[in-house]
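Chains as they are written, first to last, in the UniProt record's numbering: chain A, 1 to 553; chain B, 1 to 553.
Calculated from the structure, these hints are not laboratory results. Treat the hints with care, as some may be off.
As the list claims (entries may be wrong) - Restraint-style ranges between C-beta atoms, simulated for each label pair:
id : chain 1 : residue 1 : chain 2 : residue 2 : range
1  : A       : G232      : B       : G414      : 57 to 63 Å
2  : A       : P296      : B       : K4        : 57 to 63 Å
3  : B       : T322      : A       : Q202      : 39 to 45 Å
4  : B       : N490      : A       : P296      : 50 to 56 Å
5  : B       : S55       : A       : H459      : 37 to 43 Å
6  : A       : G414      : B       : S55       : 41 to 47 Å
7  : B       : P277      : A       : L500      : 33 to 39 Å
8  : A       : H459      : B       : H207      : 49 to 55 Å
9  : A       : G414      : B       : G368      : 32 to 38 Å
10 : A       : P477      : B       : R263      : 50 to 56 Å
Predicted, not measured: the structure shown is a model, and the values here were computed from it. Backbone N, C-alpha and C fix where the C-beta goes; we use that ideal spot for every residue, glycine too.
Number of protein chains: 2
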Amino acid sequence: MTKKVIIVGGVAGGATAAGRLRRLDEKSHIIMFERGEHVSFANCGLPYYIGGAISKREKLLVQTVEAMSKKYRLDIRNLSEVVKINRDAKTVLVKNIKTGEQYEESYDDLLLSPGAKPVVPPIAGIAEAEQLFTLRNIPDTDRIKAFITEKQPKSAVVIGGGFIGVEMAENLKELGLDVTLVEMANQVLAPLDYEMAAIIRQKLSHHGIKVILEDGVQELQENGRQIILKSGGKLAADMIVLSIGVKPENKLAEDSGLTIGERGGIVVNQYLQTSDPSIYAVGDAIEVTDCVSGKPALIPLAGPANRQARIAADNISGRKKTYAGTLGTAVVKIFDYTAASTGNNEKTLRRYGMDYRTVHLHPGSHAGYYPGATPIHLKLLFTPDEGKILGAQAIGKSGVEKRIDVIATAMKGGLTVFDLTNLELSYAPPYSSAKDPVNMAGYVAANIIEDGIKTIQWHEVDEVIQSGGLMLDVREPHEQQGGMIENTRNIPLGQLRERLDELPKSEPIYIHCQVGLRGYLAVRILLDNGFDAVNVDGGWVTYSLATSAQLIK
Amino acid sequence: MTKKVIIVGGVAGGATAAGRLRRLDEKSHIIMFERGEHVSFANCGLPYYIGGAISKREKLLVQTVEAMSKKYRLDIRNLSEVVKINRDAKTVLVKNIKTGEQYEESYDDLLLSPGAKPVVPPIAGIAEAEQLFTLRNIPDTDRIKAFITEKQPKSAVVIGGGFIGVEMAENLKELGLDVTLVEMANQVLAPLDYEMAAIIRQKLSHHGIKVILEDGVQELQENGRQIILKSGGKLAADMIVLSIGVKPENKLAEDSGLTIGERGGIVVNQYLQTSDPSIYAVGDAIEVTDCVSGKPALIPLAGPANRQARIAADNISGRKKTYAGTLGTAVVKIFDYTAASTGNNEKTLRRYGMDYRTVHLHPGSHAGYYPGATPIHLKLLFTPDEGKILGAQAIGKSGVEKRIDVIATAMKGGLTVFDLTNLELSYAPPYSSAKDPVNMAGYVAANIIEDGIKTIQWHEVDEVIQSGGLMLDVREPHEQQGGMIENTRNIPLGQLRERLDELPKSEPIYIHCQVGLRGYLAVRILLDNGFDAVNVDGGWVTYSLATSAQLIK
Ligand SMILES: Cc1cc2nc3c(=O)[nH]c(=O)nc-3n(C[C@H](O)[C@H](O)[C@H](O)COP(=O)(O)OP(=O)(O)OC[C@H]3O[C@@H](n4cnc5c(N)ncnc54)[C@H](O)[C@@H]3O)c2cc1C
Ligand SMILES: Cc1cc2nc3c(=O)[nH]c(=O)nc-3n(C[C@H](O)[C@H](O)[C@H](O)COP(=O)(O)OP(=O)(O)OC[C@H]3O[C@@H](n4cnc5c(N)ncnc54)[C@H](O)[C@@H]3O)c2cc1C
Ligand SMILES: CC(C)(COP(=O)(O)OP(=O)(O)OC[C@H]1O[C@@H](n2cnc3c(N)ncnc32)[C@H](O)[C@@H]1OP(=O)(O)O)[C@@H](O)C(=O)NCCC(=O)NCCS
Ligand SMILES: CC(C)(COP(=O)(O)OP(=O)(O)OC[C@H]1O[C@@H](n2cnc3c(N)ncnc32)[C@H](O)[C@@H]1OP(=O)(O)O)[C@@H](O)C(=O)NCCC(=O)NCCS
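Kindly produce the complete structure, drawing on both the sequences and the hints.
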């Protein structure tokens, strides 16, 4: 049977679905409506075009309307907004943006991939702020680019420290602007946990970006040239980028009575069908199932949009394909750093009351004896009993996203932390260590589960010390010059066995070293000698990264 | 119970086992015997120290005897060779290399990690060749380094094109020597298949290394300054590195009656016990089960040695841990290229008569619109029915080992090519594409299984053409200037739908493009229009890489 399929939205989800639909059926009639001028463009490249890393605008246009129509034999109608769905009649009402003219088009199956839109809160003075921008598409990009070229702004305030906010802050800084980033939460990059995000926050500061946390915009004055913060502070700015998040483009779906979820996304079943089985929906507009928590989630990322689109196209063509949910694997470049994450973070696990354990490690990106190795700050979250992997975060200069991709793959395979110890990952000195950081994370986690190795987290350290707990630093004395936890005693690991009689058996001994490894060795020695010993997970590095960020707040 | 454990071999497997044994039990008596002077050194770094990338010799010494003895409270005896095992008495006979003195030492458990030794064939004249070297340990390295410093050789012949041979060829070239690599097989790097290895062979040639394939050394003359090849050719060389492989150090085990496998490795069970349950063995000396074929295999790599060592230590300490076999994931740097592989290659699958399918892709390391993307040549092998992953190989400048690590992890998780399409891998423009190369490999493979998309491999192309088959090039005419398959017709993909009447329905139409993607799109169009169409897997790129290597042989 030759179908007539209508697609709403012509970029990541829409264009991918169109391509796959055509490949599966040469004869079906496929109409792709796109409200904007451009289809199939590289949303994710927009900040880098603004910053100049991508030098040519046409690079952003992955496909033109003409080329794509021809290649896939599609009926692409850009500057055409679908304004209404008549589900009973199986028609859509389309508005030609240029002429204002409206017309109906019938469908057998309808696919919605309308994306998301930037959140724009009702801040006083926002309507008058002429140099305030959001970034979602090519016209947004052109506006920002033109403003920078013509007005030569010297300073910018980026509101919101999510992926796009951080990317924009970096790219504007690369252009030579004075950049301030304002974020309501106590950290940037919400997918990371506080102590991990603290590394990025420091990185931004080192590159001269002023980061203001736990503060928001109260009001804009002087046509947006003056920003009044909720704290009462004031910022002057030649331009503002507002990037406090996106929300699903759900109006069309909502108006036509499709079920919308609690988080505002279109609800779909495992076949990516909406509450109307002839209407499929994919991409930023839908609610997906969070693979870890099983809860509905909004995960506005290009990979899931592309994958969902192909699955929806398969289902429309009569194949039964299911979408199993989203892990939320994500990555972002911050100057010469990379931050990546997958699965749930600790904040999410806590919010859902899930039971979990945490390890922090700082292994080298490759063998220490081969030049150029840099630390990877790695956090792994897992269940306390079976060691099921719940999530991971990593930050560093090199090899970061590789480790997250490996863990994301392990999660898809249902592997545990014990399985991580057995992964066989590529090893030669320029690439890794014989025990890859992922293997090592598995070991550290397995020791907690199998042998009950006790750890405390960085945020529990101060309380231990305040309540008079015994904190032992097993680093060499000279290492303490680089910083140390207050009120700790020092017995270097090499002397521990000879100095056991200096330690009490009546109370727990909290131990830390630089990264956690020697602390763990000390714990093993003490435990086997009848002491109660607890390691500070991630050692001084995790503690100091997290707490120095608190200090410079 | 406090045990006395003896370890034979003090490097990768031995040292790792010693550390773990100590962590698990402070009180056991652990003696580690090492024949050489050094323990716990970085075998894998040796070529890079010779080449100068690793500048300091002490970097190679991960642990000294003194430091390691202290850190792990070990009884380390270097320059001490275990020459005999008396299994009934549970003792070993030890020879002090310095004094020649021999003594017995008893054990409760014995762990063998004696490694492997370079294969040295009985070539005529080899004993007289003073400037012929093998590379396994620090003394070997010192010898080579001293020879280069003192004798200032201008030319080197590396015999054997495995990992160590290729690494040595590169490192000697970096030192400015004229390097010739001689290899008996028709390709370098045996873990790769021919057409993949061809890329590396070209790379070596581009860097000025002369590669001679399908030839071996017949005789050495003039104290090794003259090499006579089996082909009759002659090579002059100031130095020779012999690296034609390693074989298990099995003599001690064999002499003491432990079962040795068909491939010469010590046979162990899943607990890494030899045929004597008080004797464990790990590392290069043992036969492991190849995870894919289920056959015994020798896989002399550091990662497996380290992992096996920890498992054996766990078992010695009374935990029941099993070793599930080895995938053989490996990686090597070749100048600015990386080659990595996991699982079985096509040669192995063919040798074992296993049923498999192949796909070749050449996706970018990251989004094409972000600067710096380079192609990854990726090969995936899988079962024709369920899409079980059998192996993968990848070569390129960037992101290569990441994709192999992801696939190796998927294999450990028992995932299929269909699961690869659903992996959620980190995507932002500097790192990948919304459809990661691994997802893409999954798609290409899934199309073959699900939709019966037919492909032929590069080595079948010439036969198709010779037997008069119709080969259609769907690239743009100007692309043919970069090279083309002989006797093909050209209809660019964009014109295909209009020119269907030029094509016959009576015979299969073989299609190729640059990398396989447009060829696939053309196949879909033709199939849906009632033609019989077959895609050339990997397109012109795979075909030309493989065949141009044949030409320059
Ligand atoms: C600046 C920026 C950087 C990003 N970087 C990354 C990144 O690094 N990694 C990553 O994974 N993701 C990134 N993303 C997110 C990614 O681009 C989205 O997840 C993805 O594009 C979602 O696909 P979609 O099809 O749901 O929506 P879109 O790609 O946004 O497409 C939706 C289209 O539908 C059109 N539309 C909406 N309603 C209608 C209607 N009624 N009629 C007709 N047309 C309509 C819209 O005009 C829009 O063009 C980034 C996004 C932005 C904006
Ligand atoms: C130059 C080179 C480069 C390499 N590069 C890589 C790489 O990039 N990636 C990778 O994964 N692997 C690499 N390897 C392989 C890796 O080093 C080995 O797989 C690993 O070291 C094996 O560990 P093992 O404990 O079995 O043997 P070894 O580490 O070799 O240790 C065995 C030790 O046992 C001692 N011994 C033997 N018999 C006796 C005895 N009877 N009494 C006392 N002592 C004895 C030997 O002297 C030796 O020191 C490389 C090897 C070499 C030589
Ligand atoms: C450009 C765009 C239209 C491409 O969609 P697409 O046709 O699905 O994807 P590709 O061109 O990458 O091709 C993928 C297809 O080629 C096949 N393919 C890829 N390489 C192949 C090869 N070497 N041999 C054979 N087939 C191959 C794949 O199997 C897949 O086909 P399938 O889905 O039928 O299995 C769409 O992804 C798009 O608009 N992207 C830009 C917008 C966007 O994604 N933005 C967010 C990120 S910036
Ligand atoms: C150096 C050598 C002795 C180290 O052996 P090791 O003690 O097993 O390994 P490491 O020092 O890396 O430490 C690993 C241990 O620390 C733990 N650990 C690592 N990081 C940690 C952290 N941040 N917090 C807590 N524990 C940590 C691991 O869990 C593991 O302990 P476990 O096995 O009891 O679980 C041994 O690997 C060796 O000799 N290597 C050189 C030879 C070689 O491998 N050659 C081939 C490659 S070149």
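Against the structure, the hints come out as follows:
1. Range check, A/G232 to B/G414: Cβ separation about 58 Å, and the 57 to 63 Å hint holds.
2. The given range of 57 to 63 Å is respected by A/P296 and B/K4, whose C-beta atoms sit roughly 59 Å from each other.
3. Judged by the Cβ atoms, the range 39 to 45 Å given for B/T322 and A/Q202 holds: they are separated by roughly 44 Å.
4. Distance hint check for B/N490 and A/P296: the Cβ-Cβ separation is about 51 Å, which falls inside the suggested range of 50 to 56 Å.
5. In this structure, B/S55 and A/H459 meet the distance hint of 37 to 43 Å, their C-beta atoms being roughly 41 Å apart.
6. Remark: the range hint 41 to 47 Å for A/G414 to B/S55 is upheld by a beta-carbon distance near 45 Å.
7. Range check, B/P277 to A/L500: about 35 Å between beta-carbon atoms, so the 33 to 39 Å window is met.
8. At about 52 Å, the CB distance of A/H459 to B/H207 agrees with the hint of 49 to 55 Å.
9. At roughly 34 Å, the beta carbons of A/G414 and B/G368 sit within the given window of 32 to 38 Å.
10. At roughly 52 Å, the beta-carbon separation of A/P477 and B/R263 lies within the given 50 to 56 Å, and the hint holds.
In summary, the structure agrees with every hint in the numbered list given earlier.
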